[in-house]
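Residue-level listing of the chains:
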Amino acid sequence: MNVLTHLAQFFSPLGHYISYILAYLFETIFFIIFVMVVLVMMIYLFRKYMARLQLRIGPNRVGKFGLLQLIADSMKLVGKETILPKNRDDLPYKVAPVLVFLGLVLAFALLPYGDFFYIGSLTITHSGVSVILLFAAIAIMPVGELLAGVSSSNKYAVMGALRGVAKDVSFEIPMMISVLALVMMASGRTSSPLNLESLVSTQFIPYGIPEVIGLFVFFIAMVARASYSPFDMAESDSELVSGHSTEYTGMRFGLFYMGMFGSIFLGSMMVSLLYLGGYNGPFSSDAGFIYLLIKTMILVLISFTIWLSLPRIRIDKFVNMGWKYLLPISIINLIIAGFLTLGVGVL
Amino acid sequence: MMQDQKSKSNPDEWVELNMGPQHPSTHGVLRLKLKLDGEIVKDVEPIIGYLHRNAEKICELDYYCDAMMYFDRMDYVAAMNMEVGYLEAAEKLLGIPPPERAQWIRVVMAELSRIAAHLVWAGAYGLDLGMLTPFFYCFVEREKILDIFVEVSGSRQQVNYMSIGGVYQDFNDKIIAKIEAFLDQFPGKLEDIYKAFINNDIFISRTKGIGILEPEVAIDYGVTGPMLRASGIPYDIRKEEPYLVYDKINFDIPISHKKDNLARFIVRFEEMRQSVKIVKQAIKQIPEGPYFNPKSKKSLMIRLRGEGEYYARTESPKGEFGVYLVGDGGVKPYRIHVRSPSFKNLSVLPVLARDTMVADMVAISGTIDLVFGEVDR
Numbered sequence: 001m002n003v004l005t006h007l008a009q010f011f012s013p014l015g016h017y018i019s020y021i022l023a024y025l026f027e028t029i030f031f032i033i034f035v036m037v038v039l040v041m042m043i044y045l046f047r048k049y050m051a052r053l054q055l056r057i058g059p060n061r062v063g064k065f066g067l068l069q070l071i072a073d074s075m076k077l078v079g080k081e082t083i084l085p086k087n088r089d090d091l092p093y094k095v096a097p098v099l100v101f102l103g104l105v106l107a108f109a110l111l112p113y114g115d116f117f118y119i120g121s122l123t124i125t126h127s128g129v130s131v132i133l134l135f136a137a138i139a140i141m142p143v144g145e146l147l148a149g150v151s152s153s154n155k156y157a158v159m160g161a162l163r164g165v166a167k168d169v170s171f172e173i174p175m176m177i178s179v180l181a182l183v184m185m186a187s188g189r190t191s192s193p194l195n196l197e198s199l200v201s202t203q204f205i206p207y208g209i210p211e212v213i214g215l216f217v218f219f220i221a222m223v224a225r226a227s228y229s230p231f232d233m234a235e236s237d238s239e240l241v242s243g244h245s246t247e248y249t250g251m252r253f254g255l256f257y258m259g260m261f262g263s264i265f266l267g268s269m270m271v272s273l274l275y276l277g278g279y280n281g282p283f284s285s286d287a288g289f290i291y292l293l294i295k296t297m298i299l300v301l302i303s304f305t306i307w308l309s310l311p312r313i314r315i316d317k318f319v320n321m322g323w324k325y326l327l328p329i330s331i332i333n334l335i336i337a338g339f340l341t342l343g344v345g346v347l
Numbered sequence: 001m002m003q004d005q006k007s008k009s010n011p012d013e014w015v016e017l018n019m020g021p022q023h024p025s026t027h028g029v030l031r032l033k034l035k036l037d038g039e040i041v042k043d044v045e046p047i048i049g050y051l052h053r054n055a056e057k058i059c060e061l062d063y064y065c066d067a068m069m070y071f072d073r074m075d076y077v078a079a080m081n082m083e084v085g086y087l088e089a090a091e092k093l094l095g096i097p098p099p100e101r102a103q104w105i106r107v108v109m110a111e112l113s114r115i116a117a118h119l120v121w122a123g124a125y126g127l128d129l130g131m132l133t134p135f136f137y138c139f140v141e142r143e144k145i146l147d148i149f150v151e152v153s154g155s156r157q158q159v160n161y162m163s164i165g166g167v168y169q170d171f172n173d174k175i176i177a178k179i180e181a182f183l184d185q186f187p188g189k190l191e192d193i194y195k196a197f198i199n200n201d202i203f204i205s206r207t208k209g210i211g212i213l214e215p216e217v218a219i220d221y222g223v224t225g226p227m228l229r230a231s232g233i234p235y236d237i238r239k240e241e242p243y244l245v246y247d248k249i250n251f252d253i254p255i256s257h258k259k260d261n262l263a264r265f266i267v268r269f270e271e272m273r274q275s276v277k278i279v280k281q282a283i284k285q286i287p288e289g290p291y292f293n294p295k296s297k298k299s300l301m302i303r304l305r306g307e308g309e310y311y312a313r314t315e316s317p318k319g320e321f322g323v324y325l326v327g328d329g330g331v332k333p334y335r336i337h338v339r340s341p342s343f344k345n346l347s348v349l350p351v352l353a354r355d356t357m358v359a360d361m362v363a364i365s366g367t368i369d370l371v372f373g374e375v376d377r
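Line by line, the protein sequences give chains A and B. The end of the first sequence is residue 347 by the numbering used here, with every number in the run present. The end of the second sequence is residue 377 by the numbering used here, with every number in the run present.
The set of hints was computed from the structure by calculation and includes no laboratory data. All values derive from a computational prediction rather than experimental measurement. Please note: incorrect hints may appear among the correct ones.
[What the hints assert, rightly or not] If the Cβ cut is set under 8 Å, some of the chain B residues that face chain A in the computed set are: (1) 20; (2) 203; (3) 356; (4) 358.
Ideal Cβ placement from N, Cα and C applies to all residues, glycine included.
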């Protein structure tokens, strides 16, 4: 049983086809509501947590504990005047924020969420190659950022986009290699190692324990993907104003902003799915979604702490780190994973 | 490889980037014209004047006692030091020396102000490098100093506390208790802030060996203050030519021979520790007596006349703050000129920033500690 069949059952008096069409429709709506709630919650949590770390109070005026502040803020963003740069490249300029957001939402749609008591499995997509699809969806986001930088005809934006490309190239290969190690390890136990659900359900021991190096590389890659400090060279506010999103206003800027917070949540969720056992928990498997959320939130708070306490690394040093350290150690990790899977046969 | 690229780059292909005056990292209204070869800064041209208020000329149109408030607004994060600087010149010109007690009070206030200014710098430098949190820890401590300022003068930043012949208000038990309470807890908090920076490998990699200022270059450009001392020259007006009662106080001049951004950072933090030491000594030694020279009664203030010319130098948090004052026997000064340390220090930025990366350029311009009220005046 999953969300879709529940919904189809609910609409079943309307006939087989109509009930499934409506079920798909409502599942999509629920999913988008989920993504929006996650984003708003992330921004609220970030502001409150940042305030706590910085000896401040944070939003507390609109609603109880400032809970409605984010809704007020997004209303403000929607209502803002859109200022367009005069020499923009019109189509890419307007498509770019949508692409970033689209990549984010697609990636969320591909994740397995585990079971939740009565509803059953919350996973939306059941594909045999969801790992590949997931990384393909994530790879859409840098395209949007690059387009935004190049099309807004601003030197800061172009430099931000170039830095972003240099950054993406240097961390994505180690990231993919460390995921490959996971797939290798899972291939000994399941016939479909490229499926995220089977990748998660084969973790009797979380992969983070035998694959510590992989966890390390992947976490760094996720920090760089979400591009917050120390890896925020692409939109470093003290150098490039705000990089590729310099010329954006209103809700277009809001999409970039949400893309950033969304990718922090997405990255944390991917780390907890791939390396920390995902929705596997100690007691009931019905509460899988809760376990996943708890693990994700812990990682999110760790990410926020990193963000708020570390200074920005220089772009050339990051590229050096990517090619000279992350890539070799991820290859070593791959070899270790090979030995663990085939040679030793322990795991 | 890198060398090859450098020699190949063609000046016609350099990108000209305009940084500021509205830019997050330019500390107010500095505008930098950068010539970029990719990420490498080939040329920097600082353009100033966006905060020019003609303060020196306005001072000449006003009475001697009224110039104070324009000085408050020069280095607005260290207003007390600016007042000390002006009064050093004005009191000699007008022949109204401040009583002993007022001098000690001025030392206490100037050093507290120096701590506050360096805290602002440390927080802003963290922001320049992308550290968001230390800023607030610095400002919480600064806020406690501003509370003391409110207690003595009624104002937080533009204090207007000192005046010709003394200070506006005497120290009472409440003020002294407040200062002592601050001094008790501050050194520990300062070490916490220091550790937040210095124990961070990324911070070290962003500052160590970057922005090297050779002592000869520093002297050529007239750089003073912590920047000069970080290049290994122990030049501090408080020791070289003691004013107020600095010769009766035991303190050290921190220097560093490393010459880079990190050295400037460490020197500024060490200066804060020394300032705490100075305030601790001074607060115990404040003598009894009048806090105001009876010759400069408030009702007579606008009738003060002076003749001659004086140049007074004091050590502001940014460096050597000089005030040149000419009187022609009238109630208004004939000429006031200010040697502002930030302005002189800024002039060395093109030398420091040449052939560095954009990120390093920001890190270097952060260590200069620019306050635009003072650069533009």
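Hint check results:
1. Here the hint on residue 20 of chain B is broken, as its CB sits about 10 Å from the closest CB of chain A, past 8 Å.
2. With a least beta-carbon distance of about 5 Å to chain A, the hint placing residue 203 of chain B at the interface is held under the 8 Å criterion.
3. Because the closest C-beta pair between residue 356 of chain B and chain A is about 10 Å apart, greater than 8 Å, the hint is violated.
4. A cut of 8 Å between beta carbons decides the hint on residue 358 of chain B: the least distance to chain A is about 6 Å, and the hint holds.
Hint violations for this structure: numbers 1, 3, all remaining hints satisfied.
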